[in-house]
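For this one, chain Y is given, so just place chain P on it according to the hints.
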Amino acid sequence: MTDSPQDDLIAIGALTDTVPQSPPTSRARDIWDQFRKHKGAMLGLGFLVFITLAVVIGPWLWTVDPQKLDIRNKDMRPIYTAIWDSSAKTSWAKPLGSDQLGRDNLAQMIAGGRVSLAVGWAAMLLSLFIGTSIGVLAGYFKRVDGLLMRTTDLFLALPILPLLLLAVTLFRQPLREFAGSPEGGMFILIVTIIAITSWMPTARIVRGDILAIKEREFVLAARSIGTTNGKIIRRHLLPNVLSPIMVSAALGLATAIITESALSFLGVGFPSDYPTWGKMLADAVVRMERFPERVMLPGIAISLTVLSVNYLGDGLRDALDPRTRGR
Amino acid sequence: MRLKSLMLGAVATAALAPAAFAERASDGEVRIIYWQAPSILNPFLSGGTKDVESASMIIEPLARYNSAGELVPWLVEDVPTVNNGGVSEDLKSITWKITPGLKWSDGSDFTSEDVKFTYEYCTHPEGGCAQLTKFGGVTSVETPDPLTVIVNFEEATPNPYGPFVGGESPILQKAQFENCMGAAASTCTEENFNPIGTGPFVVTEFKPNDVITMKANENYRDPAKPAFATVTFKGGGDAAAAGTAVMETGEFDYAWNLQLAPDVISEMEAGGKGVPVAGFGPLMERIMLNNTNPDPNLGPDERSVVRPHPFLGDPAVYKAMSMAIDRPLLVEVGYGQAGKPTCSWVPAPEAFAYSDVPGCDVQDIEGAKKMLDDAGIVDTDGDGIREKDGVPLSIVYQTSTNAVRQDFQALIKEWWSEIGIESELRNVDSSVFFGGDPGSPDTFQKFYADVEMYANTFNGTDPQAYLGNGLCDKAPRPETQWQGENISRFCDEEYDALHLELTQTADMAERQRIGRELSKMAFERGMMIPLVHRGRLSAHANSLGGVDLNVWDSELWNVADWYRIDE
Numbered sequence: 001m002t003d004s005p006q007d008d009l010i011a012i013g014a015l016t017d018t019v020p021q022s023p024p025t026s027r028a029r030d031i032w033d034q035f036r037k038h039k040g041a042m043l044g045l046g047f048l049v050f051i052t053l054a055v056v057i058g059p060w061l062w063t064v065d066p067q068k069l070d071i072r073n074k075d076m077r078p079i080y081t082a083i084w085d086s087s088a089k090t091s092w093a094k095p096l097g098s099d100q101l102g103r104d105n106l107a108q109m110i111a112g113g114r115v116s117l118a119v120g121w122a123a124m125l126l127s128l129f130i131g132t133s134i135g136v137l138a139g140y141f142k143r144v145d146g147l148l149m150r151t152t153d154l155f156l157a158l159p160i161l162p163l164l165l166l167a168v169t170l171f172r173q174p175l176r177e178f179a180g181s182p183e184g185g186m187f188i189l190i191v192t193i194i195a196i197t198s199w200m201p202t203a204r205i206v207r208g209d210i211l212a213i214k215e216r217e218f219v220l221a222a223r224s225i226g227t228t229n230g231k232i233i234r235r236h237l238l239p240n241v242l243s244p245i246m247v248s249a250a251l252g253l254a255t256a257i258i259t260e261s262a263l264s265f266l267g268v269g270f271p272s273d274y275p276t277w278g279k280m281l282a283d284a285v286v287r288m289e290r291f292p293e294r295v296m297l298p299g300i301a302i303s304l305t306v307l308s309v310n311y312l313g314d315g316l317r318d319a320l321d322p323r324t325r326g327r
Numbered sequence: 001m002r003l004k005s006l007m008l009g010a011v012a013t014a015a016l017a018p019a020a021f022a023e024r025a026s027d028g029e030v031r032i033i034y035w036q037a038p039s040i041l042n043p044f045l046s047g048g049t050k051d052v053e054s055a056s057m058i059i060e061p062l063a064r065y066n067s068a069g070e071l072v073p074w075l076v077e078d079v080p081t082v083n084n085g086g087v088s089e090d091l092k093s094i095t096w097k098i099t100p101g102l103k104w105s106d107g108s109d110f111t112s113e114d115v116k117f118t119y120e121y122c123t124h125p126e127g128g129c130a131q132l133t134k135f136g137g138v139t140s141v142e143t144p145d146p147l148t149v150i151v152n153f154e155e156a157t158p159n160p161y162g163p164f165v166g167g168e169s170p171i172l173q174k175a176q177f178e179n180c181m182g183a184a185a186s187t188c189t190e191e192n193f194n195p196i197g198t199g200p201f202v203v204t205e206f207k208p209n210d211v212i213t214m215k216a217n218e219n220y221r222d223p224a225k226p227a228f229a230t231v232t233f234k235g236g237g238d239a240a241a242a243g244t245a246v247m248e249t250g251e252f253d254y255a256w257n258l259q260l261a262p263d264v265i266s267e268m269e270a271g272g273k274g275v276p277v278a279g280f281g282p283l284m285e286r287i288m289l290n291n292t293n294p295d296p297n298l299g300p301d302e303r304s305v306v307r308p309h310p311f312l313g314d315p316a317v318y319k320a321m322s323m324a325i326d327r328p329l330l331v332e333v334g335y336g337q338a339g340k341p342t343c344s345w346v347p348a349p350e351a352f353a354y355s356d357v358p359g360c361d362v363q364d365i366e367g368a369k370k371m372l373d374d375a376g377i378v379d380t381d382g383d384g385i386r387e388k389d390g391v392p393l394s395i396v397y398q399t400s401t402n403a404v405r406q407d408f409q410a411l412i413k414e415w416w417s418e419i420g421i422e423s424e425l426r427n428v429d430s431s432v433f434f435g436g437d438p439g440s441p442d443t444f445q446k447f448y449a450d451v452e453m454y455a456n457t458f459n460g461t462d463p464q465a466y467l468g469n470g471l472c473d474k475a476p477r478p479e480t481q482w483q484g485e486n487i488s489r490f491c492d493e494e495y496d497a498l499h500l501e502l503t504q505t506a507d508m509a510e511r512q513r514i515g516r517e518l519s520k521m522a523f524e525r526g527m528m529i530p531l532v533h534r535g536r537l538s539a540h541a542n543s544l545g546g547v548d549l550n551v552w553d554s555e556l557w558n559v560a561d562w563y564r565i566d567e
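Protein chains in written order, with the working numbering: chain Y, 1 to 327; chain P, 1 to 567.
No wet-lab data here; the hints were simulated from the structure. Treat the hints with care, since some could be wrong.
Unchecked claim - From the structure, some residues in chain P lie toward chain Y, with a derived Cβ separation under 7 Å:
(1) Pro296
(2) Asn297
(3) Asp301
(4) Leu425
As the list claims (entries may be wrong) - Once the Cα atoms are required to be at most 25 Å apart in a straight line, the calculated DSS-like pairs of lysine-lysine come out as:
(5) P:Lys370 with P:Lys319
(6) P:Lys174 with P:Lys97
(7) P:Lys116 with P:Lys174
(8) P:Lys207 with P:Lys234
(9) P:Lys370 with Y:Lys74
(10) P:Lys369 with Y:Lys68
As the structure is a computational prediction, the values presented were derived from the model and not from experiment. All C-beta atoms in this analysis are idealised placements derived from N, C-alpha and C, irrespective of residue type, glycine included.
Extracted from the complex, chain P is given alone in its bound form:
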């Protein structure tokens, strides 16, 4: 009985402790579920989101993006810019000043040597580093003193925040990984499963593809954090099960990336144990318009290669198609709070988005009909389908197999039929559609259809490379083995010229203006019909505080700030 009363006393004391006096490891355990299980804790050896995000609790970059998409200093004193002298005038080097007094979880000092080592580790010619693109254009990393890192670039780089920024480019400890360079990288199981980091938690046990258990890092830079003493990070299952575990049964505190229909989510939310949170990155669902002729009677080297399309190049046609779409309804049916109507190719960050597009969120069937009538595209043979120069407006509309996408297809087909455009629906298995196999006729790159629907996004906050997907020479064609990102085969000299200007501009406001202009051209000159700006949806328990969903970086970026809300 004595033990029991002692324990009861301890529980009572714990309950009485006011939350305001938060101290390290005072809030017990936090349980996180990712329905894709992490297989390694070294993001340089795996590009998977699950691995990058689980590792982000342990190892950290010099700077990262916050939930608003702004760059914030993490292991450094401030973010270097041209104005504060951190970035050189010629945009060829960037100087990071490390916060003094930082310690690794094993108690040793964090120095610039570790940062330089990370660069050497990833760019080792024999190693297969998954984040190599982060170090693209870097010629050298210098360490004049233990707290200064200078990164030199080959050319002027308006956006030098690639290396050592964001969850995909964290710093590894030199002492630990010294013998794991190049070909030896993947053989260092002990190191890859238990990296020493500067983050709020350290690994106690890692079971690949199953569970990670962690405890608070005693040498973490903020003595009051993290609030939780231990973490159980469970991987596996499916999105529906993860959502149920947090919102309906309360077994877990945080569930990642719930790709489920809005009514399914709200049904789970009714369970009352947790709430869904949505964050909006640049992910956007769109209909791509084929600028080339996909006629099956053309040969394999001409189909979806020769220009122009028999009728989709006519502004009246693609504008009418866009006007006939009821975007708010699509959002309601498919995404709910995790979607917003948009007409901008780059929907986020806000400053780059072409917003306030007139007529974007209202359906205008009559206006669409009138536009087609005025352009002389009318139904001449009385079958209910309009003809342009004798060619009936009959299109093949393809997408990947997915419940929400098939609902969208059905709705859009109906709206287009109301304005006299006939569509044939086709859905292709996702692994084939996005597989990129040059031998298959069903990939989205081949685009053997008139229009196709899918979503795309980019990493970080700078859309320059992403906007480059509209350049004429990026079109997939037989010579490139059907690889290339310009899926719609859009080709416009003015667009190419404006994009070139973007790559040479360093001023942020000017870059944003050009970015908006490029998005606008994509919409108004027939590259695509943007539909829905899609968000990331995760869920956390009602008793978990401090969650700030971040779509620009790891979702667990601020796990040190998480705490238990007393009920």
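This is chain Y alone, in the form it adopts within the complex:
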């Protein structure tokens, strides 16, 4: 025992809480701070916002009809070609040139991006919904686990191309009438097919996480006070598996865009005069040597979009994981 008042002060000081240096922060703020540290993810987010804005408000700024043929002005080069080749056929009226039938490349890029991104987002959301539901059900309710997971295995074995060919044959006419236009019907068809062939990885990841989390004490505690299954899932389980879901959402978006482009490239799906990035690419391949930009523009657009989405997913995973946060 000491009687020194100074010693007392030190003892008391050790007991008092140290006041935090910075004001308290929300969880969202923490995630954002962590996310900002990931340069690739920031660039990815920036590009995705840019491309989304470009295709959403682009048609109001650049009002040329992408399907309008202008055969006199066919095979125009992009305006930047004039820098090194003054004899090239260029015009400010067609800043990215025109294709073999005189359709404006810029307008086609914008319209094609709209389709690609719309298909990507819609298919991703649908596949996320299916995958998460199946994953949660399989992980939480032991009775349906076997059945649902074997169904998942079954779907993993489905080949997308033959399935799509079959679906186009069977459902084109009914869907066309349902949607009111051939494009609308095809949109529903392609989104559905991509979604039902890509939800399986999400379901497996979610099921694995649910299996682990549902045995934890806080779930036991919730159950012990009589919380219903539905509420346990919504309040306790789903928020805890959000980070793998977000990551697989980002990857799913990328896969959906690539799949849509591949389908258009193969000439399956949308009507042939309906521009998409994959369709532009397919048209341009035989003239690749003379008009490299017609392959490069849609190709780079697809690659950059997918790359940026992947980086975004990478950044999200780091930011959403509390263990890596603050490092």
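Chain P alone, transformed into the frame defined by chain Y:
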């Protein structure tokens, strides 16, 4: 050093040898590339063009078509006709006189027995002969002496030049194939890969689906031919690679069937090592008009079966649709020098073609509009689309998936929209579209659309069977499992009667007149809208001489005349 100087001397001598004194095997090697690889050298066991054409360098028919589509004697003295007594008055038999002194490449004599054997080989009941139709209607083949062959037909045959004529019906050597009859045919690998023939070359090695190497036939009938000592015949790859190999890099001397857009071809030609050559057969790209109602609300046994179409049967509509099309522009966009505007169902041979059609190669949008206005087909509800009796002129326009066809669809859709006809485009994968599966709704035979675009052609020079595709009873329908060649379901009593007349007419000039008349009916009475007369495009090296592209027979029909041009 001695060897080197010797070789240099030899090269110098070879270079100095004047080309005029052409002699057999003096021009070294010729390299041919087909982007589809031959798998067998017996055309009776394969219908593939690649197999028929590669074999045509080795085995030959009695007579064949030249590049103008005329029948020329090949292993015979002349082409039998009614006038020279070779064809009997009742048109039931034809007598071929074989050129004396012909030898097989193994040195034995070529006789009428070999010709008769070929008939027996192909018509053997247990054999699956791919060229059986060539012998359709033949009752017997007689050989009164070693140089005479008489072919007897069951009925009067105005065109008796089926058996033993053309690259698809060459003569096989009896001694070689005697033990390969019927079921044994496909097991005779050695014979099928190395046939003994009368042609300018003989096989030294055959690698199926890859390369054939050949050397000059020492017993070939013309002692000065062939000019080349060896042939390397490479198969495989794709059309673009084959075109590049001949025109840009110069690795090959001849490339077959380059199905590429005109600007792609001209880009290759700029390589300067070779030139493309085009030949025109009867291949024609057309839009077929559906004469039945393809309404999806009809049942499966009524859709595209019941007549009439709600508006396509009106001459004002289909004539206006045809007038709105700019055919020269379509040619420029899709085929370049391998295409010509046409309005004739049978565009070749020339004598059968319905040519000089007024307005065929000019676009007339205003005239088309006026025609529709005059017929009372106007836009009544202000949506930009005309209506006939309340039915809007809105059509489904389908074709197979192919870059050029999709360009055509886009252009034609635009032109039709200018005259107030709305179209919805649809493209179907080629293997499905031309697959003929009665269970699929997307085949061109089912025709579940208002109009559809594709190309068709026929073999040989006589269009009688081809024109028969317009007969009323040839329409595909559920009872026929949707098989049948009358795709547009055209049905016209006058047409049927005129075609019957054609089958009973032997006089050539009269047959040609009837043929032209039938083509004209197809165009003017709403069977189809002809678009482009398409050619076959191949390419040869600048240093390869003697190439004469033949679309009526094998492209390699005159390979014996090919030679090297000294540079």
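Taking the hints in turn, this is what the structure says about them:
no., hint, verdict
1, Pro296, "holds (5 Å)"
2, Asn297, "violated (10 Å)"
3, Asp301, "violated (17 Å)"
4, Leu425, "holds (5 Å)"
5, P:Lys370 with P:Lys319, "holds (11 Å)"
6, P:Lys174 with P:Lys97, "holds (18 Å)"
7, P:Lys116 with P:Lys174, "holds (9 Å)"
8, P:Lys207 with P:Lys234, "holds (10 Å)"
9, P:Lys370 with Y:Lys74, "violated (30 Å)"
10, P:Lys369 with Y:Lys68, "holds (21 Å)"
The structure fails hints 2, 3 and 9 (numbered hints given earlier, in ascending order).
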